[in-house]
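J.: Given chain W's structure and the hints, the job is docking chains U, E and C with the ligands onto it.
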Amino acid sequence: MLRHSALDHTLKAKVRNPYLPHLARIVRIDRAVQDNYVFYFRFEDPKIAETFDYNPGQFLEITVLGTGEAPISLSSSPTRKGIVETCVRRMGRVTNALYRLKENNVVGIRGPFGNGYPVEELKGQNVLMVAGGLGMAPIRSLLNYILDRRYEFNDVYLLYGARYPEDLLFKEELTLLSQRADVNCLLAVEQSYNLPGNPIWNGKIGLVTDLFDYLPELDVSSTYAVICGPPIFYKFVLERLLKLKFSKNRILMSLERRMECGIGKCGHCAIGYKYTCLDGPVFTYWDAVNLPELL
Amino acid sequence: MKVNKNIHIPHLGRVEGHGGIEIDIKDGEPIKVNLDIYEGSRFYEVLVLGKYYYEVPSIISRVCAICSASHTLAAQMAIENAFGVEVSKRTEFLRGLLIHGGMIESHSLHLAALVLPDLLGYDGVLNMAKDYPKEVSIALELKKLGNTLQELIGGRAIHPINALIGGFGKIPTKQELLSLKNSLSKGLEHALILADLFKTFKISDYAESPTIYAALEPRDKTRYSFLGDYIITSLNERFPKEEFRKICHEGVVKHSHAKQSLYSGKPFMTGALARINLNGEKYLHGKAKEIQEQLLPNLPSQNILHNNTAQMIELIHSIERALQLVDLIINEGLEPEDLAEFEVHAGKGVGALEAPRGTLYHYYEIDDEGKIVEADIVTPTAQNLANCEKDLRVSIENLINEPKEYLEFKLEMVARAYDPCISCAVHLVKLNKS
Amino acid sequence: MNKPKVGIYGLTSCAGDQLVILNCEDELLKIASKLDIIDWVMAQSKNDETTPLDVALVEGVVAQQRDIDLLKKVRNRAKLVIAIGTCACFGGVAAMKNQIPREVMKAEVYGDNIDFIDSVKAQPIGSFIKVDYRLPGCPIEKDQLIQMISSLCLGDLPEILNIPVCMECKMRENACLVVEKGVVCCGSLTVAGCNARCPSHNVPCSGCHGPIEETHYDANVLMFKQAGLTRKDIEQKMSMFSTPAWMQEKLMEEIKDESK
Amino acid sequence: MNILKITREKFQDFLIGMQKHGEVHIPKRKTETTYVYDIMDSPDEIAYEYLRTILPVKKYFIKPKEKLIKYSFDSGFSIDLEDPDKKVIIFGLHPCDINSLKILDLAFSGKYVDPYYFNRRKNTVIFGLGCMPDEKCFCRSMGTDHVTDGYDLYFNDLGDFFLVNVGSSLGDDFIKEFSDLFEKPEPEDIDIYIEKRNLRAKSFKLQLDVSDLPYILDIERESEVWNELGNKCLCCGSCSMVCPTCYCFNIFDTIDLDGKSGERYRQWDTCLSKDYTLVAGGHVFRKNRADRVKNRYYHKQHGFVEEYGRPSCTGCGRCIQFCPTKIHVVEVLNKVMGKS
Ligand SMILES: Cc1cc2nc3c(=O)[nH]c(=O)nc-3n(C[C@H](O)[C@H](O)[C@H](O)COP(=O)(O)OP(=O)(O)OC[C@H]3O[C@@H](n4cnc5c(N)ncnc54)[C@H](O)[C@@H]3O)c2cc1C
Ligand code: SF4
Ligand code: SF4
Ligand code: SF4
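Chains as they are written, first to last, in the numbering used here: chain W, 1 to 295; chain U, 1 to 434; chain E, 1 to 260; chain C, 1 to 340.
Since the hints were derived computationally from the structure, they do not count as laboratory data. Some hints could be false.
Unchecked claim - Label pairs and their computed distance ranges (CB to CB):
1) C:Asp74 to U:Asn398: 57 to 67 angstroms
2) W:Lys102 to E:Asn76: 23 to 33 angstroms
3) W:Asn290 to C:Thr148: 29 to 39 angstroms
4) C:Asp83 to U:Asp123: 42 to 52 angstroms
5) E:Glu49 to W:Lys102: 27 to 37 angstroms
6) U:Glu281 to E:Glu49: 38 to 48 angstroms
7) U:Lys181 to E:Gly182: 32 to 42 angstroms
8) U:Leu120 to E:Lys30: 14 to 24 angstroms
9) E:Lys46 to U:Lys134: 16 to 26 angstroms
10) U:Pro297 to C:Lys86: 55 to 65 angstroms
11) W:Asp30 to C:Asp83: 37 to 47 angstroms
Unchecked claim - Derived list of chain E stretches under chain C, where covered just means 3 residues or more per stretch with a C-beta under 8 angstroms from a C-beta of chain C:
12) 173–183
13) 219–228
Bear in mind the structure is a predicted one, so any value in this text is a computation, not a measurement. Backbone N, C-alpha and C define an ideal beta-carbon position, used for all residues, glycine too.
Isolated chain W (complex conformation) (with noise of 0.2 angstroms):
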């Protein structure tokens, strides 16, 4: 075990203070899905702001004034600097408080936090990317990482569903992508009314592992499948995932736990030795099957 040494102590009272946020001002609201925003943040520091760095897959600890922290995966990607995006879904009191602000107001913000996507081991793979419903939050990120150094990964693909269509997220970017060659976008929904007022849905209707019928066959020996979704889409993308006969260790999952510090001190997020904080909330499924109570 670690030797008692005063100086070790007296160095470690000096590091910088993880449980402090930084200012920063929300420069855009995205209010295209109901209960879905997308907030759009600067930091206030102008440092901060150019230097930010993070991983596909990491998250923040977003701070409403006189509310609360919430953990909150970051959407947008490295590779695009000077703004941060995040898709909040409205549950409870911190993210019922952020609805209530408006462009231009600030918030505090912590990280980034947690492993994220193993990007550099994803290159000169293919990754197929599956997200069902808020799932899509993180896989943006990687999924414009991944668009911005395209040349560095192999085939891409990207299955995507949602209830209704309107509830997809980032839906104009991603019909876009539905028209690029370089990658294989495919969107579902699981209903579509057809309202009145909304644009006719053309695309797919059935669930995200219905979408696994149009992928082309797959090298699962140089594919990573990178998945996020709620409880019940682990379940059904496993399934089919596994009968492709993908390695457990080549399927990446998002886990969610309860977490207060993000800097796995406060023990929510530990599931056996593992902290989802520090050594998530990206897993492999090998993982996932390892350590109990993980799903």
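T.: Below, chains U, E and C with the ligands alone, put in the same frame as chain W:
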């Protein structure tokens, strides 16, 4: 000119609990004068039946928040009386301190939030604060002092938890007591400023009428006190507290959830004015005595509006006495002490003390197992109800030709002068149990 | 949000929670400047009884028809209804003997043949209307109240930590009364917030703040029985006061289960 | 190692002398069966016989409730340490207590270092005190019954005198400062120590074999023992509060009445509480009490071992003494291992 009026004040503002006044005047005669009480019934006497004796004080404290310390102590004293428990001197001092805390809090709340706005012409303390910030902040400081005291001794400002049968759970530390003493000295200065303001008021006399007064005779016959074993009245009678039913013949009144007390068929008054009338001249000392001589030189007073003046005098007395008690307690030592020991057996007991609004009586009958078989609680507000209706009648007679709104306000003032605690009044007293 | 319009109401109660508001001596004037209190019978004589309210604070238990009427009126007027105090949240002391019919109680107290007293079984306000937030306590705690008012002014409501009194008791480094003296203490069943007031005064908790969301009656009954207490004792002591509405029913179930 | 000796009387003078370096805290008796660490008014209050305080020394480093930051709508976030330079000298830590700090050091270091913890760590002087185990101590089984570092000075109580080990340069400075109070031990003194040491070694009654405990726990996840335990546990959290190595906390914000500024606090939490794993939408990951009690044992004896190579339990026996329903960690684990 014959006057016909119907006065109905549905929510008597700024009193504890829910009450109203209903008055019908026909041909210049008040034919109906009701002090209406419609706070819901909580059946406290039934709630405590079958409960163990030690649960009673904290249940009964919930009869009324502002009198919660008085109720807790009265219940404890009644139960100790039933079992023959002797408490230590220090416990008695601490209890005294707790009572004074309640008195300081209650009197300054009443004066600040209710009486001063009336006398100065505001609808409430919050509006009055705009023009009289100093007086309001002084009154709030005093109120806080009473709460600090109750918190320290009782463990909580409302519904004390530290006062127990046989003693106290935790004894305050010397440091805490010394800092309390500091606050008390400052409070005394504040109270005297408030008393100066009182000197400038002319108290009107439209409600004045002959009244019978009743209060406890101080146990310690050397000074003004809120503890005593004998009831004395302005009819020069004196009887032991165990005979409290003599004075409190209670009857249910049709319009109200409370009961009214009559003494020999007549209404009577208990409370600050009764205490000052009966005990003031003889037992007050110090600054309280000086202030009494300035504010109420001619005792006894028959004017209920003087009840507020009497409260002002008592406020000063309570602070002075609390200062003495702190020293007495420190002298007794502050070591932890076990609760007084006693044997549980069947018995009956009465606890009586002077609560801010008047004499409070608790009576319990306990069985061999220590469970309550009968309970009876007579609160000051219940005792005062009949007298209040009498004073309202007198006021109407004197003010009959005044405009309705003015009359309403003056009547409300009479009701408020009693500082009625309606939650207390509807604790519901047991009667004709077969 | 600009100054919220607030009404403060007392149903059948000891007025303790309203008194706690008045007991915020240091903050009272500030509170008055942050909130537009337009209806508060206990503290002011001119009251607005019709304007819609942003927030209504309701104290007390429903014990008579008049309370139900007032409550419904308040609900219709107010965007947010907040129950303050254990009576409003859970029924409080007054609900202790709900198993005894009101008729019998009336007769006991007022004598027979009295028919004018309007009284219903004592119930928390949630039995009649939707309640948006609960601030328990008998009476409520000053610091929690002020935190709630501060949050309200921002348009929020504060988070109430759903932890038992035991945790606060240990945080204050008290010796556990159950371990040390073998008495019945309701700490583990009761929601924290009082900073373990009673155990810190060597007095067992009687549950005045009401239940935590998840109350483990089974384990408590088991524990006290092992400590040699009889079923009757446990029942009596654990339903001592304030908590009866929630405690007695579940507790009785547990005790019944035990006898199987 | 530098070994010295000090008589009991002079030791008291030493502690009084230490008061000029900061607040001296000592174990004091609180009630019939309990002790607490608290500030020393006089050395006569020291309860040398004490074995365990209600709250462990962690209370000095992560307070039950402490302010992390303050914020204002105008000027943003800032750190607002109360008394950042306050020096505290704690006397009386037994080996398990000193080891508990070394375990907390691990938890509060790592990728992100907790500056609040280490600031207090830096400002605190640790004086150890030897002990004689009772029937609730099982530090020997957890390997925490002795220390060779982690303290500034260590005092072995040998009746009329203490044998003193110097564990840090700072400790050495104190010895120099009070050199007239300390003396060189005689060989007989060392003999007395060895005798006492042997007696102590024989005095451990409670035992837990942890050699393959993590493995056993792995395969006994579904053991009936956990359900029995779940039925008995009140989820009161007392065990976590008193445990020297339970460090979970909640974070919450307060806002001032003026609506312009506020503070962020952390407060001890426990994995026994249902809300511990509650996420938005109401999902709770450990719904059953059994899962929660089990989690506490698994984190100490399994998770921590995988992470740091040793269990985080120090065998201090606090959770045994303060569990209202008499749940006994060693009995439970022995039962899981089939040795009831
Ligand atoms: C790594 C990670 C990434 C996330 N990314 C996103 C995202 O991109 N977009 C999005 O909308 N949501 C995301 N969430 C979920 C989001 O954190 C919760 O919805 C949010 O914390 C709810 O807070 P609230 O105060 O609004 O809800 P409430 O229900 O009022 O919260 C109550 C309490 O539970 C805690 N809590 C509740 N849910 C969670 C949770 N899921 N994780 C941690 N603590 C929780 C809060 O700290 C709070 O103390 C993410 C969660 C995690 C762990
Ligand atoms: S300890 Fe229990 S009874 Fe006492 S104040 Fe707290 S919740 Fe109420
Ligand atoms: S689990 Fe129990 S014995 Fe182990 S360190 Fe914690 S309190 Fe002590
Ligand atoms: S102290 Fe005992 S009853 Fe309380 S949570 Fe811990 S194991 Fe359960």
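J.: Now tell me if each hint is right for this structure.
T.: Hints, one by one, checked against the model:
Checked against the hint of 57 to 67 angstroms, the pair C:Asp74 and U:Asn398 passes, with Cβ atoms roughly 60 angstroms apart. Judged by the Cβ atoms, the range 23 to 33 angstroms given for W:Lys102 and E:Asn76 holds: they are separated by roughly 31 angstroms. Checked against the hint of 29 to 39 angstroms, the C-beta distance between W:Asn290 and C:Thr148 comes to roughly 36 angstroms, which is consistent with it. Separated by about 47 angstroms at the C-beta atoms, C:Asp83 and U:Asp123 satisfy the suggested range of 42 to 52 angstroms.
For the pair E:Glu49 and W:Lys102, the beta carbons lie near 35 angstroms from each other, so the given range of 27 to 37 angstroms is met. Range check, U:Glu281 to E:Glu49: about 47 angstroms between beta-carbon atoms, so the 38 to 48 angstroms window is met. For the hinted restraint 32 to 42 angstroms between U:Lys181 and E:Gly182, the CB-CB distance of approximately 38 angstroms keeps it satisfied. Between U:Leu120 and E:Lys30 the beta carbon distance is about 22 angstroms. The supplied range of 14 to 24 angstroms therefore holds.
A C-beta distance of roughly 24 angstroms is found between E:Lys46 and U:Lys134, which places it inside the suggested range of 16 to 26 angstroms. For the hinted restraint 55 to 65 angstroms between U:Pro297 and C:Lys86, the CB-CB distance of approximately 59 angstroms keeps it satisfied. Roughly 46 angstroms separates the CB atoms of W:Asp30 and C:Asp83, a value that falls within the hinted 37 to 47 angstroms. With 7 residues having a beta carbon nearer than 8 angstroms to a beta carbon of chain C, the region 173–183 of chain E meets the requirement of three or more and the stated coverage holds.
Residues of the region 219–228 of chain E lying with their CB closer than 8 angstroms to a CB of chain C number 5, which satisfies the three-residue condition for coverage.
The structure meets every hint from the earlier list without exception.
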